[in-house]
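S.K.: From first to last, the protein sequence lines stand for chains B and L.
FYI, in the working numbering the residues of the first sequence are 1 to 456.
FYI, in the working numbering the residues of the second sequence are 1001 to 1578.
Be aware that a few hints might be false.
Chain L stretches covered by chain B per the calculated footprint, using a threshold of three residues with CB under 8 Å from any CB of chain B [what the hints assert, rightly or not]:
id : stretch
1  : 1144 to 1158
2  : 1176 to 1190
3  : 1319 to 1332
Simulated from the structure, these hints should not be mistaken for lab results.
Where a beta carbon is used, it is the ideal one built from N, C-alpha and C, also for glycine.
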Amino acid sequence: MSTDDTIGKSFADRSRPPGPDDGTAIIIARQVTKSFTTPDGKPMKVLDGIDLTLREGEIVALLGRSGSGKSTLLRTLAGLIAPTSGEVSYRGRPLTGANPGVAMVFQTFALMPWLTVLANVELGLRARGLTPEERRRRALEAIDLIGLDGFENAYPKELSGGMRQRVGFARALVVRPDALFMDEPFSALDVLTAENLRGELLRLWESGSFPTRAVLVVTHNIDEAVQLADRVLVLSSNPGRIRAELRVAFPRPRDREDTGYKRLVDHIYGVLTGRDDAATPAPSPGRETTTPLTQPLPDASVGGLAGLLEIVAAGGGRADLPALAERLSFEVDDLVPLLDAAVMLRFAHVRDADIELTDDGRSFVLGDIDTSKSLFAEHARQYAPLVRTITSSLAATEDGSLRDAFFLDLLRRGFTPEEARHQLDVAIDWGRYAELFDYDTDSGQLRLETPARLQS
Amino acid sequence: MDQLRQYPARGTLRRVGLGPADLVVAAGVAALLYALVRVGGGLHAPFNPSTYPSRIPVDPADLPYDAARSLLRMFIGLAASLVFTFAYATAAARSRRAATVLLPILDILQSVPVLGFLSVTVTAFIALFPHSVLGLEAASIFAVFTAMAWNMTFAFYQALITQPAELDEAARVLRLTRWQRFWTLDVPSGAIPLVWNGMMSFGGAWFFLSASEAISVAGHTYALPGVGSYAASALVEGNLAGVGEAIAAMIVMILATNVLFWRPLVAWSERFRTEQSSGAETPRSSILWVLRRSRIPPALSRSLDPLREGMDRATRPLGLADSPLQVDQRRRRAGDVVFGVAVVAACAYGAYAALDYVERTIGLGAFPHAFFLGSITFARVIVIVIGSTLLWVPLGIVIGLSPRATRLAQPVVQIAASFPANLIYPAVVAAFVVLHIGLNWGGILLMSLGAQWYVLFNVIAGASAVPSDLREAITALRLPRWERWKALYLPAVIPAYVTGGITAAGGAWNASIVAEVVDYGSHHLVAEGIGAYITEATARGDFPAIFVGVVVMSVYVVATNRLVWRRAYRIAEERFAL
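Looking at chain L on its own, in the form it has when it is part of the complex:
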């Protein structure tokens, strides 16, 4: 007990020498702070809509700064998604009434091609921050946010409602406050799905980032400093080397965030596994290894203790994480009725106002035309899904069955899926121009460049998860190769394939907005389709047309999800889950 009589306590001073791990961590922290200070200054530069540059200088010396600005956008978007996830998913999981509204909204938001709304959000955010570039920044970050938030929210909501019942009961019997329960039970038990979905959505968000940094609204293009703008500016100049530099920078960024941020996070989140058994393969990360050997992170964590205690006390008035036992059924039903009427009235009024707006501007006749264009894009999406199925399912199974091939291929495919395909559109379009291929057909290839990888990625994962005893059994039966595939491998990857297919189709719809209209030097290529309709309406600043286009595309996406993918998923889960 005598360490209590000394100040500071003996342990604090015993080891003063810094280990190599501490030096590495300290250097990392310093570099991060420096980058933040340098880059953060650019965020609130003055802004004047009429003089703001429509391109940024294509100079390799500027590329690190541009890349840092892009990265900052990604991480601010991630932070915003996390806050949104916590609030939205908790509300949906804890309030019966809120869930009836929040879940369908989330479901639809997930299917809405947010890229189509970019011009609307840009206008709104510029109005919000009138004399600062922050408006443009916020619009770009919002695009990144929308690429991540819905998926993460669903994952966390799912974790909240499937929490082990006895942990929930323990939390209630222990009389934890709402705040304490959130941080000791809700967040830890949802950490693994949250990190996984965060990582995958972060990968998908690069595409939105590069598409939203340089945006044309009402005839004027605004270009924020960033790798996406760098590529776009190089493209306008016809500077293919510049495009190449942007692509290289993008690959470096994707690799760096994976190695330095996501891998350590995934490995760290393993501690939140609830099953007492450990997984087949524990993810490892050398960065985490260094962090674990350093005394800086625990010291930082300790220095936050008073804050933690303070928050514990400050949030006490929020009450206990317990729901009242007795509910007045009559009052509850009356509340439900009032709530239901309010929601229905708001929806009805909103729908009426929207239709009225379209009727007064471009006329409701725009809808049939848009639905026709939608069917053309829909055909492209179907071709992409079928094509990537025929190509990637067999290949994915072959890769997935070989542990070595899986280890090599998985990271490559993940990067291919993360890579914003719109950066390589120019090279492909150049080929189209030379070969006289129109964008009506070529668009299919452009849209598939980003979308198809999800099929491969998931099929590899599905095939590598086939239990080895089943594989040995089927080998021992000495069946011909085709019979083996029919009996085991194809059924075994179906659930994973369906998941990949949903994501690929969604990606293809979103890609149509940038793939059905492409400028390359002096060539202006346009395909017929709902994506081109939205893009051209955006360039004109024709808000009613944008609205019609986005609504129609959402209808297509929601309908196919409901009618095809959901059913396929349910059947796959029931029949083929291993």
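Isolated chain B (complex conformation):
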């Protein structure tokens, strides 16, 4: 309720287009760090030293791969989770609970399925203690603004995804929040619906009738970030840090074919896939420096990796990543693990936004099944730390077998139990394909496939 008197005013005074740092700060995060505790009691950093200011009149996009902690950051700013250290303040006051100036739109909509559209939209107003008449009037206004007329008495499950998300927007905007937070708001929608809703949102924002002063949107879609935002913050992974801050000054609506636009997208691709320098370990001598904990296996299946490399090989062994992603209608999240796997196994190089096959990569794709397998086995054993650890541990035992618990315990020093299991599953997938080792799900035993093979 406290925010109501300050935000009920007109929004026409919003300065736009925003110059650098000229709006009044709404939310300020200082040195925000968030760690979770693994079951062994070891802290795991998800966010590290984040400084961020959300100002009046701007749309800010938080862009990052999955696992970069962008949703965690959004929830920290919304006052839903507490930072381990550092501080988040709203209009100068440190948060003690849910941020009073924020309304949120969720990826999965988060509508109450048992309430009608109208009742869902009224919910936030009820929370603020408005009279039934006032509630009804403002809810109908918001429903009208967001294009939901005629659906007031429908239940969410009767609506399509796009209409459901409109309810999500109406519910958030009806309280006239100081800042609107959106957590991957369009990623559960099909491409056309997402494009349509995004466009309408931007038109409302440009028209000045959008009842909020600032927008913070989390996304893993580069194009979406560049379409929406005045500022794009790119987060790195493990732990999440702000790797780059980019201003987007193009006037809206933004033209995807514009050269400047394309250059920016390519640049962000390079930053996001992060293979410019430090991320790639130096060639051969790197063997001893990487461990399963410092260089986790990317979430990629052998089949997916082979598919990607085949497509690149068919295009002459070289491809432009944004073009490739678009052609496959993939998003970064889908493509990046495959790229990581290709690079880790030295089957490809990535420079800026281009991927190029290595000689071994070419042989892996073009060779017959046995060649591919032995090449994969050799590279996995050499360059994939966890596969290397497993094969050498198994070889060191008398009967060439070990329980999965042994490796899970090892992995839990750096991962949550789920992630540890996931890492092991990827390693098993790779190891099985490479015929390096096999796994018996029932007994939990990992066993060397043919011990003789390793001696050679």
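Given chain B, work out where chain L should sit, using these hints.
M.R.: Chain L alone, transformed into the frame defined by chain B:
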């Protein structure tokens, strides 16, 4: 906008004619109110312990009134369970500290044979309402309550802690008050499990009802008007026709509550499903169909709007449904220590006081003897579980695989599971007397009469849930019948079977209290076992012995649950869940 200028608004007067649905609903409401007025008057009749009748007249003309009194007890018990569920489950789910105490307590309460405590609660409630029959009523309702509450509480607690994370976040960002969150998120998202478990527990509670209406304490039997007392009184008179009338009345009550109350409620609760996909088969109810066509329920709901608004405002001081972001770790840890010490001290003192009480009265030597008797009853329970497994698992699979058989069998089995088996004990005991079968062996059959159905019920449900593509695949493989069972059907029903087994074993333990001592006319049959030990101690008014008996039985139940059933359940969930 011109409807705002008229009063009453135009819509109110437009349709004055009442539809047939409205007439049906209005008649139903009137009948319900009349029954409540008639029956409610009997609740606070005067009471004098020495002159209170030990049986009620066995006259078919009284049966409707008795049945109504029994029903009222059931529904008051249900209402009490619901209030308890809301309070207890919310406390356990929202307070970390409370959860560490509340959950183990609930776990143990679930395993305690409450029937054994009936005499204690009767004494306590009579002391609470000294000159009114309300004390006896409260004791009987309490027995019904204990049959329903724990299960419902666990179901609601489970729903609370598995709430979709984004709905929880939405509620917090929207800044709902605690009250608003409870009614717009917590209760709706827990409605389906709550209704389902309410229905199943309600079925189980009939047994407790019929066992608690006529109760002997310290050599005197008190009989409340009710169907259970009707059967008990008929039994004492050796009036088998009277027992038959009571059984018929019981079946009618079970059927009526299912059709008129639970089916519509289950069908209605479908609206609270959170997954956006609809279930395979939506439950239907003709009663709900009538209610939906009537304008009386929405009008009633609208008339409650001001109350709802008022509660919304009145509960505002309870605060927002949000937890503080920063917690002072040191203060929190200090609080934990104080809390832990207090709990441990209270437990230690309680255990000491209880043991001291036993030592000063009947001596601690009662425990080994009770444990020996417990092992005899335990053997009976094992026989029942194994027997019902061998009998009902194959049959349940056969029924479950045929949709038609399932549709026919499921309601029948549900009623068999709900039916208080102690009502048909006399007929079975009569047979025992004729055939010279002692209760030591016969008790097994008596205990199994009520308990075994849960196995069948769950196995049918498990078998009917086997996905049809798997069934088609296994048929296409042309495996011999036994191979098909081994490969698919038996593993597929294991999780459901384990759930049924836990319930059946629990039911058998409880049944032992009424099945190991049975009076039939002039015959007094007693079996050796912990159930008989508790029942005889109750008849003597020997409270220390009751305490020892109940503790020992609880130890057996908790131990087998922990050591056998829980493990079996975990393995079943991990390995065989479809």
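S.K.: Taking the hints in turn, state whether each one holds.
M.R.: Structure-based check of all given hints:
1. 1144 to 1158: Since three or more residues must qualify, the claim that chain B covers the stretch 1144 to 1158 of chain L is violated, with 0 doing so at under 8 Å.
2. 1176 to 1190: holds (count 6)
3. 1319 to 1332: holds (count 6)
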